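A.B. asks: Starting from two chains that each stand alone, build the complex the way the hints lay out.
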Amino acid sequence: MDLIQATAVHKRFGGITALNGADFVARSGEVHALLGENGAGKSTFIQILAGAIRADAGSILLKGKPFAPASPSQAQAAGVSAVFQELSLVPDLTVAQNIWFRREPLSALRTVRPKALRQDTQALLDRYHFPRLAADLEVRRLTLAERQVVEIAKALARSPAALILDEATSALAPRETEWLLTLSRDLAQAGMLVVFISHRLAEVRRVADRITVFRNGATVAVHDTREVTDDELIAEMLGRRLDRLYPERVATATQKLALKVRGLSAGHRLAGVDLDLAEGEVLGIAGLQGHGQRELFQSLFGVTRARGRVELWGKAVALRGPRQTLGGEFGLALVPEDRRNQGLLLSKSLRENLTLSVIPRFARFGIIDAAREKALVEEMVQFLRIRASSPEQLAGTLSGGNQQKVIFGKMLLTQSRILLLYDPTRGVDVGTKGEIFQLMRDLAAKGYAILFYSSDLLELVHVADRVAVMRNGRIAAILAGDRVTEHHILRAAMFESAAA
Amino acid sequence: MPFVARHRAILLAYLGMIGLLLLTSLFSPGFLALAHLRSMSVLAAFIGIVALGQTFVILGGGIDLSVPWVLNSSAVLLTLISNGQDGPLGWAMPLILACGGAIGAINGLGIALFGVPPIIMTLAVNVILQGGILVYTGGAPTAGAPPLIQYLAVGRIGEFPVVLIIWAVLAGAASLALSKTAFGRHLYAVGTSPTVAAYSGVPTAQTTVLAYVTCGLTAALAGMLLTGYSGQAYLGMGDPYLFTSIAAVAIGGASVLGGSGHYIGTIAGAFVLTILTGLLPALNLSNGALLIVYGVVILVTVSLASEAFPELGRALRRLAVRRPGRPRNMAEAIKTPAGNREDMP
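Listed in order, the protein sequences are those of chains A and B.
Counting from 1, one number per residue, gives the positions in the first sequence under our numbering.
Counting from 1, one number per residue, gives the positions in the second sequence under our numbering.
Only chain B is shown next, with the shape it has when bound in the complex (with noise of 0.2 Å):
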């Protein structure tokens, strides 16, 4: 297949983010100015790097609704244990990180070697977690984010924001994962035909368990990140972010059911939740309205781009293209001549 066939679901998604920048530019002069791109670039780092494992997970199939909890669990976790201090965090971060790989390992061993629905599983864990976290601290603030990870959050080397540069090499090793190792080939096999990857020898629970963990520690390094970028931990902080890891997944092109798209879509995926965010607000809506835009132009976005909805994207698109016979607007059906009217009064 040419390439462009191939990857048109990706393609599609970066033509949309470039058009949403655009369009955003026409609104708000400034849009596009460097300082602005650069922080929203940030932001959309936080959404791109909890994606990341969420990609993984839905290419091979499944989905994980643990990501909130995991992620606000390390960033209490990371509170507590420094207090402050960037002395701890030399085996601080390890142990948050190995924590989140081992809740994404529980999350993957009970779906594939005990068949627990990935919906089911992931939920419980989320809200065991959660239930964890509020005995743990009864509810009160913790301390604040250490120096080194505020800089690893919003700190600059030169002109570029640290955590970008963490976000492309994170970036570029899941890339090459998905397309030039055994487990990515295994992963997109195991999200196709999970029956056919199994008479292939294929190590599916292996392979599913490994994306899980990938997703766990995803999670538990952007919630450090977040907890550096609002200089502090709090609870309900990664709520936002499973509608938004999955969102971006899907906005990239990746087929929810699993076994097609890339990272690189969901790059863009997480470029466009961004923009949007700094698109809505210049509505002027309040913010309950603001919350009910959101979710139906994602809920559009993704009908668009993804195939796994094919039916509402056809109709989405029959209704883009003018039908023929009726007019578009006021002036033209005024135009109309009056044979084409003889009905009206």
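The following block holds chain A by itself, in its conformation from the complex (with noise of 0.2 Å):
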């Protein structure tokens, strides 16, 4: 029987339409994928399934029976649990605590009985095998991808008929990504509907029975995930062809070393990294999360305190901080790990944070040209395709695909030639993503140097020369040629023996 069955359901933000007839039918016991470009309508649509927003108009069926929750709490109560992309989590509060928020176990007194939730906690993530992660600790002091289990815990804690991941594994690394995949495959055995959201499409091909694909607020296509090419999802998603996710990989790394780094160790999370980056070169860094990929990145970039030996084109330099390292052409720039929070102003319109590193340039007698700045900012809008209604418009309001242009803009004018990629494609759209692989291997052919982070496997394979895996806070291996492969990388991330 159907669980969810949603048809004609309309949605408006003022003038903007996110929901133009959307239908979307999914029973017990499926994984089943929503697929679309960003903008497409997913958010808005799971949004309302978890009471966050309420529908203009259309009708959605639980169980047979009208659903329009008022409120996340009341669509929870009938059995909908959601975990969204923005984290819901107290940061003060211990993992225990955050699962079972308001909903605690208690005594006669009505006070919190901490036994009996530490057991609970243990109970449920023994229950679906949750990765190691310690009831007691604070949320605040977990990376990115423990909240996002914590996230996925809390979620399940309230036994739930449908469960909803809305890009929940963008912010994890591979054996976590696994480990989610395996789960979800599970829930759906034990006769729960997992509702699946990803831009990866070999993630919904592994996981998902069937797929709807939204495109401009609609639901164009519902396929059985056996029966649809990925160009033929891509398609749909885009309403056009995209000639191909990845651009083809030519060779453009010259002799020159761009980037040489010795020896480099931070705190006890970064154990001596040896690099060589080649100028044209790109070179994947690959590796389990927690292993020294973002210290190295936040080393090199200079906002963590390292030892080590550095050298940019051949000269030996301190890194002191992104002041020195973003200047001119022989320096550092990076796209950092967290658009929101270290890559861009939200409240400050997108010319304004395109121009922010490098705006003492466009002043003359300390006055800023605003007629160069403005020509500048609008060559860089046309040149990465950036889709905005105006230069003014706040970059908060953009697509995450558009903010990430940005970002890469905003790299592009300090004119660095070194540029440290963290997870570039986190949360943006597959036309994006082609759009950014395609611009990485344009700029290495002119001479750039990459470093390139992905939690994504396929995208270091598609288009890193290289791959650099690392493992304790070390290089474990370098791979190049034939054995670029996941099962390399993994191999060599995971045990010791694949280093030879």
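Honestly, the hints are just simulated from the structure, not real lab data.
The structure displayed is predicted, hence computed values, not measured ones.
Backbone N, C-alpha and C fix where the C-beta goes; we use that ideal spot for every residue, glycine too.
All the given hints hold, so there is nothing to weed out.
Label pairs and their calculated CB-CB ranges: (1) A:Arg-372 <-> B:Gly-231: 47 to 53 Å; (2) A:Asp-369 <-> B:Ile-157: 31 to 37 Å; (3) A:Ser-88 <-> B:Gly-131: 44 to 50 Å; (4) B:Tyr-234 <-> A:Ser-71: 57 to 63 Å; (5) A:Ala-375 <-> B:Ala-105: 33 to 39 Å.
C.D. replies: This is the structure:
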């Protein structure tokens, strides 16, 4: 029987139509993927299901009964739990307190029973084979991936009939992703409906029984996963054929070393990294979560203090912070991990964000030459094909893909020719992903040197010339040529023996 | 974004200012007379000058509570050095300004480099200065203000008060700095998100220090001008300017949390506060009651104007809208049809 049956759902936000007749039918016991570009209406739709917002028109049936939750708690009471991209945890509470937030086991005096709380949590974590998580740790001290896992636990603690996972794997490393895919299958087996939203087709293909595709706020297709190809899905999402997601890889690396790193160490996470990055090369960085990738990027960019020798274009330098590293063509520029908290001033305009790193350059006698700034901004908007109503649009109101393009533009304007890209396609729609990969290869061909970390191994396999795999804060293996495969990367990331 | 939406808060401040002006003229005829407007503008100038530096600091995500005694110290120093004579002013004024700037630099360095919270840092500096001045003067009154300073504060060029001209020049410079210089961009960035600013290569520490230095400079300048205005320096003369400088910024539409606002708004804020001070005595209240009303009115004004307290602002706006089904006054209550009053005895 159909658990969720949504017909002709409409939703407008002011002048923008987010949903324009979306249909969605899913039954208990299946993993049902919801695909679509950013802005296709997926998020709006699941927010309606989760009770965060209400539909303007259309009908939604849950177990055959009308379903219009006025709040997330109503939706949860009816059996629909959602895990959103924007995490909803309280940083100062522990993992256990967050999972059972406002549903804690209480004593007769209405005080929380800590022991029961811990036991319940442990039982939950054991039951679903959660990755190791300390129930007593404050959430503030967890990584983004760990928080995402806690968020999933919190949703499961309500034993929902339908579990909605919105881009849940985008923050996870390969091993946790693997766990979540297996878990999703197990939950469906046990009779739950799992609505799975992801931009990664490979994952969707592995986990989903059926796929619903949204475009421009309406449903364009429903498929059995086995009966549809990736190309067909991409064409349906885009409304056109994307020639290919990954650009052709032409070896453009020269003999000239752009970046040479020897013995780079920081804290206990980075324990002596040796690395060579050539002009014109895209060097992939891989590894399980927490093996020093983040610290490597932050040390090179100079936001984390580190010891070791670093040479840029043959000259030894001390990395003293973004102010020094960003400067000019011998510098380094970073696309940071956290777009919203490290990359963009969300309440400022696209223009101000683009030129923030280079604004002193536009000043003549101290006064900014507004015309020159505007011209350069427009040039960059065109070059990167940033979709915005005007350069004055607030960065926070752009779609994820366009926000990431603004960060790329900001980085390119610094004229630094060594680029550090930390998971640059996280939460970015498939069309923009293709553009970003093409841009990376184009820049490499122009002599830029690119260090590229991705939590999606396939991206590394298809875009990088070589892949350096990190383990325990060191480079465990450097893979090149035929050996750049998911299999080899995972082996090197997990086992000592693969280092050979 | 269209112009009106982008500058909504600032436009509101000016609308409020004009509305208040008209309202006040109803209570006290002659309020709009040129002479009265002029003397009011002079008072607004003192608030406006102190609030200039405060605007910079608040835009950058900080707050400067050391304003009162930077102001007071500079006033006392001026009278001590000059001893009522114009002669030493040539070097005394730059020296005092430099001292104000140096105090600002100490504030900024403590906050930007050593991570002391702005409230603690500037409050401590304020108390230290207060103590220093008390020790130095022994509480004794100092000599009067030199004539030149008095001229700057109360003199006129033609019909224009000199202090208004000083304020106008400073306002122009401040607006230029905020809108058209790299420093301005950096300041807004630091106030919006220090992390993003740092990741973008913005010199965050330098920007923060510069904002506090500006605040020290304007407080010191205001201290000297106020000495000229009242003819002497006295202990406690800076105290009212702590509240008013921050309130002017907030009424002017800036976020008290930093990152948005403009000095152009603060100017309106300074006028609003001055008009209020002029309006309240017309209510014939005792001094204490006057202060209470003043405090409440400012609280309400700020919460209406500022985006930092959206909840309070929303609640007040709801109250201001008449609720349907409830009589507004006695006359309406009586006119309500009997059918609606079944519960009445």
